[in-house]
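Participant: Sequence:
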Amino acid sequence: MTVPGRRSSTFSRLLRHGFTDPSGAERLLDLPELSVLRDDPVLLDALGATADPDLALRGLVRLVEAQAETDRQTLTTTLLSAKPFRDRLLGVLGASEALADHLARHPRDWESLVTYEAADLHPGVAEFEQGLAEATDPVSLRVAYRRCLLAIAARDVCGTTDVAQAAAELADLATATLRAALAIARSAEPADAAMCRLAVIAMGKCGGHELNYVSDVDVIFVGEPTEGADEGKAIQAATRLASHLMRICSETTVEGTIWPVDANLRPEGRNGPLVRTLSSHLAYYQRWAKTWEFQALLKARAVAGDPELGAQYIDAVSPLVWQAAERENFVPDVQKMRRRVVDNIPAAQVERELKLGPGGLRDVEFAVQLLQLVHGRSDATLHSGTTLDALAALAAGGYVGRADASQLDEAYRFLRAMEHRIQLYRLRRTHLVPEDEADLRRLGRSLGLRTDPVVELNKEWKRHAAVVRRLHEKLFYRPLLDAFAQLAPGEIRLSPRAAGQRLEALGYADPAAALRHLEALASGVSRKAAIQRTLLPVLLGWFADSADPDAGLLGFRKVSDALGKTPWYLRLLRDEGAAAENLARVLSAGRLAPDLLLRAPEAVAILGDPEGLKPRGRDHLEQEVLAAVGRADDAEHAVAAARGVRRRELFRTAAADLIGSYGTEDNPREQDPGALVDRVGEAVTDLNAATIAGALRAAVRAEWGEELPTRFAVIGMGRFGGHELGYGSDADVLFVHEPREGVDEQEAGRAANRVVTEMRRLLQLPTADPPLLIDADLRPEGKSGPLVRTLKSYGAYYRRWSLVWESQALLRAAPMAGDQELADRFIELVDPLRYPAEGLGEDAVREIRRLKARMESERLPRGADPTLHAKLGRGGLSDVEWTVQLLQMRHGWVEPGLRTTRTREALAAAHAAGLIPTEEAQTLDEAWVLATRVRNAVMLVRGRSGDTFPSDPRELAAVARYLGYESGHVGEMVDDYRRITRRARAVVEELFYGA
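Taking our numbering, I'd label the letters of the sequence shown as residues 1 to 995.
Hints in this document: simulated from the structure, not taken from any laboratory. We put the beta carbon where it would ideally sit given N, CA and C, even for glycine. Honestly, I wouldn't trust all of these hints.
[Said to hold, decoys possible] Label-pair ranges, simulated between beta-carbon atoms:
1) R846 / R979: 23 to 33 Å
2) A403 / E636: 54 to 64 Å
3) G785 / T867: 52 to 62 Å
4) A403 / Q764: 55 to 65 Å
5) R825 / E707: 12 to 22 Å
6) T867 / D436: 55 to 65 Å
[As the list claims (entries may be wrong)] Below, a list of computed lysine to aspartate or glutamate pairs in the DMTMM-like style, where the Cα atoms sit at most 25 Å apart:
7) K355 / E410
8) K355 / E255
9) K355 / E227
10) K558 / D619
11) K459 / D666
12) K462 / E353
13) K528 / D561
14) K290 / E326
15) K558 / E602
16) K852 / E781
17) K871 / E858
18) K852 / E989
19) K852 / D775
20) K474 / D666
21) K792 / E781
22) K355 / D162
23) K614 / D672
24) K474 / E437
25) K462 / D379
26) K83 / E111
27) K355 / E460
28) K355 / E456
29) K459 / D436
30) K462 / D409
31) K871 / D775
32) K83 / D71
33) K459 / D439
34) K290 / E351
35) K792 / D831
Work the whole structure out from these sequences, hints included.
Facilitator: Written as structure tokens, this is what we have:
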């Protein structure tokens, strides 16, 4: 008798044995049906060894209660006397509620767990066929299938088989089930069966001999007519048989379903015929198939139906699989496939996804399959559809480092074991790790984690997922470096041919040169080489993710050659997580940024500083430039220092632009392209203004000391004044001066002219730094007029001679350098011209339209495609800017928001004032931003300016990547550009031309 308030000794024992509901367990043990078992200590020990003792006990009670009176004693006696049977039965009941339900419905099926012969330990297809032999309809097939599944699960949970053997047994059971289902279908339609030969090809995990407990079984059907039969009718008959087979396995009956049979991996997917002849399959694969389809065929295995036809299919498609790496589109296809596709996983589930999440099963499977495709064409030992067998073969052949392969093998086995146990519980298809504490506890205990199952499970799962995440990319690249390293005993070196194949498959156009760079970087025993060998596997992956991996690797070698002896450089890349990826993005995205970096490689430090990519403001830059000019001995050294600052800042701007456009692992790409354009325009304008200020100071100091005889200002025009400069833009300017008190006007004019001439000379001197071209052609009288005028002269000219186009050009006028008060007075002078009172007259509007139409017909380069010219083409920069500027000149006198030199700002103000409807304003803005980004992209990629898309395919692909298009989507980019600018031109026709 239990003393009130005290726990019974049974209660305490149940707690010690892992029961979470000992009170409930006590009640169950007190049931009359368990009287024989209740006091036997071995029962509690066996229950305590299961994944979920409470679940196991509940299942046992249901099973005992379901027995006929005569059978109950047999079950209980066997349970107490036969330890292997006891462990098997209770192990299944503690791990699978679904199989406990099956045993309760079919109470004699426990007997299938009693035998313990050698053949029972590792059954194959023949044994499973024997187990299914008596099934004659879908219901009896399900019962027999569950009985076989019961035995597989029992061996699995007791550790008699490991996870790979269990997966192989599940695939063998699926093979036997497909054969049994086909036999049932053939017996139901003997006429169809007589007319055709039908082969069932397993794909996916079933084909790879590594099936889950609950999974779609992927298949392809191949049909041929029997001798004398009409081919068309035979294929129809085969289609009916195949459809019947699928229904037998997939449909829900009183005994539930087995699993869905999925034939969507067939040619043309669900849109293609269910059954094809062998020749039809081959015709499709030879002409239309995509790379992923050959990757899928890697696992093809004939499993049911006509064995001769199945073997013919495998023999015919196998060579195509191993030639896939030689296909024209293999590299871009691989680059697309390598980019993780997790977009379709709900955000809340990504972290719980065992299969598709980061560090999941798919990472291992994809990496292994890709390496098989690359190297299997010359090494038949890699021709395995089973992931772990293929991984072992890759390691044995030296294609994967042994240590990496061992870690991946361990991680894959653990993740697959988790997946098996999760699915086994209710026999449902899922790859999500549960969130419920009880489910996690059962899962952890089923994997042998008993001290603190939930904590240990999460720790082990995260550890293995991290291993996969770390290794799945490096798997491709590390052996390339081992080709030049000192290898441990037993390691096999990747052959030069295999290394070249791999680099080619990853997008390197010149594998031989890439191997030479790798050898130069990673060979030897120095600390530098050791760090490079650690860095390069990751860098090579980032390079391969770009449009020009070869350029990225070459640039990295040049930077490393220049900085390799500086202690901070390799430490920066190794320790500053973002620095290495930022450098990889910058080096492989085009020519401009690497050229700027290689002129002063120490600028690489910018990439490791969290604040390093933010643009410096005008005041900061001008202060730095003027200080550098002040320290210099002469004007040439002074401007060389100023241009050095400009080069560094151009690199900072280009790097930030590229990294923002591409995105990194930690920071996704900028979603607002307008923000990127504005940042570039503002930054380049600021650094050019600061450089001109420095050149002005240097020119004045060289001849006049601290003060010029005349006050002098530089007015920015065009894109310079609009703060919209691109990387390759000239600086459009006007020069204005005003003699100081007591200075002769002619002397002041000569001084001003000498200053301008010297500034232009200094800024264009041939040096390692890019020149800054100053263009003053927008001055009064153009190239025929004086280079510099006094403020009074400008006033006289504009009052008497100014044309409407000059007023339009002055919309962009903004002070940039020199005397601020003089510049402000110049702006006051021109405001009435650019924002005329009462707006523009009709004659002026007609003149502006006439000039624009003439420019369109005369200035577009010969042979240029007007739909793709970013500056002068349809819906390009000129179209948008002239439309906005016409609105500024017509309405700027009454709308203060329009009095700005910036195009986007003026467009937004016009919309706010109700001058442009919302949709039209968005259309113009989108086109202007896109055209500006195209021009920036061309300069970044080619290293020289251009207004049209490059003709070189690799350069064009790099432009597409900069604009946010994935590899292989160049055509989509061009189509989008034409569509966006076409819509913009329609708005221009309406708003500018009044159509």
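Participant: Now tell me, hint by hint, if it's right for this structure.
Facilitator: Now for the hints, and whether the structure bears them out:
1. One distance hint, 23 to 33 Å for the beta-carbon pair R846 and R979, holds here, with the actual separation near 31 Å.
2. Take A403 and E636: their Cβ atoms lie about 57 Å apart, and the range 54 to 64 Å holds.
3. Separation of G785 from T867 is about 37 Å and departs from the stated range, judged on CB atoms against 52 to 62 Å.
4. Separation of A403 from Q764 is about 57 Å and conforms to the stated range, judged on CB atoms against 55 to 65 Å.
5. Between R825 and E707 the beta carbon distance is about 19 Å. The supplied range of 12 to 22 Å therefore holds.
6. Remark: the range hint 55 to 65 Å for T867 to D436 is upheld by a beta-carbon distance near 58 Å.
7. About 16 Å separates the Cα atoms of K355 and E410, which keeps this hinted pair within 25 Å; it holds.
8. For the given pair, K355 sits about 29 Å from E255 by alpha-carbon distance, which is inconsistent with the 25 Å threshold.
9. At roughly 46 Å between alpha-carbon atoms, K355 and E227 are farther apart than 25 Å, so this suggested pair is violated.
10. Taking the CA atoms of K558 and D619, the gap is about 34 Å. The hint is violated against a cut of 25 Å.
11. Among the hinted pairs, K459 with D666 is consistent with the structure: their alpha-carbon atoms are about 23 Å apart, no more than 25 Å.
12. Taken as a hint, the K462 and E353 pair is honoured in the structure, with Cα atoms around 12 Å apart against an allowance of 25 Å.
13. Restraint check for K528 and D561: the C-alpha separation of about 11 Å stays at or below 25 Å, so the hint holds.
14. Our distance criterion of 25 Å between C-alpha atoms is met by K290 and E326, whose separation comes to about 13 Å.
15. With a CA separation close to 12 Å, the supplied pair K558 and E602 stays within the 25 Å bound.
16. The hinted pair formed by K852 and E781 meets the criterion: a straight-line CA distance of about 19 Å does not exceed 25 Å.
17. A threshold of 25 Å between alpha carbons decides the hint, and for K871 with E858 the separation of about 14 Å falls inside it, so the pair holds.
18. Taking the CA atoms of K852 and E989, the gap is near 12 Å; set against the 25 Å cutoff, the hint holds.
19. Restraint check for K852 and D775: satisfied, since their Cα atoms lie roughly 21 Å apart, inside the 25 Å limit.
20. For the hint linking K474 to D666, the alpha-carbon distance of about 18 Å falls within 25 Å, and the restraint holds.
21. About 16 Å separates the Cα atoms of K792 and E781, which keeps this hinted pair within 25 Å; it holds.
22. Restraint check for K355 and D162: the C-alpha separation of about 19 Å stays at or below 25 Å, so the hint holds.
23. For the given pair, K614 sits about 17 Å from D672 by alpha-carbon distance, which is consistent with the 25 Å threshold.
24. Simply put, K474 and E437 have alpha-carbon atoms about 35 Å apart, too far for the 25 Å limit, and the pair is violated.
25. A C-alpha spacing of about 35 Å is found between K462 and D379, which places the hinted pair above 25 Å, so the restraint is violated.
26. A hinted pair counts as satisfied when its Cα atoms are at most 25 Å apart, and K83 with E111 qualifies at roughly 14 Å.
27. For the hint linking K355 to E460, the alpha-carbon distance of about 16 Å falls within 25 Å, and the restraint holds.
28. Restraint check for K355 and E456: the C-alpha separation of about 20 Å stays at or below 25 Å, so the hint holds.
29. At roughly 16 Å between alpha-carbon atoms, K459 and D436 fall within 25 Å of each other, so this suggested pair holds.
30. Under the criterion of a C-alpha separation no larger than 25 Å, the hint pairing K462 with D409 is consistent with the structure, at around 16 Å.
31. Distance check on the hinted pair: K871 and D775 sit about 18 Å apart at the alpha-carbon level, within 25 Å; holds.
32. Between K83 and D71, the direct Cα distance comes to roughly 19 Å. Compliance with the 25 Å bound is thereby established for this hinted pair.
33. A C-alpha spacing of about 16 Å is found between K459 and D439, which places the hinted pair at or below 25 Å, so the restraint holds.
34. Under the criterion of a C-alpha separation no larger than 25 Å, the hint pairing K290 with E351 is inconsistent with the structure, at around 31 Å.
35. About 15 Å separates the Cα atoms of K792 and D831, which keeps this hinted pair within 25 Å; it holds.
In terms of the numbered hints stated before, the structure departs from hints 3, 8, 9, 10, 24, 25, 34, listed from lowest to highest.
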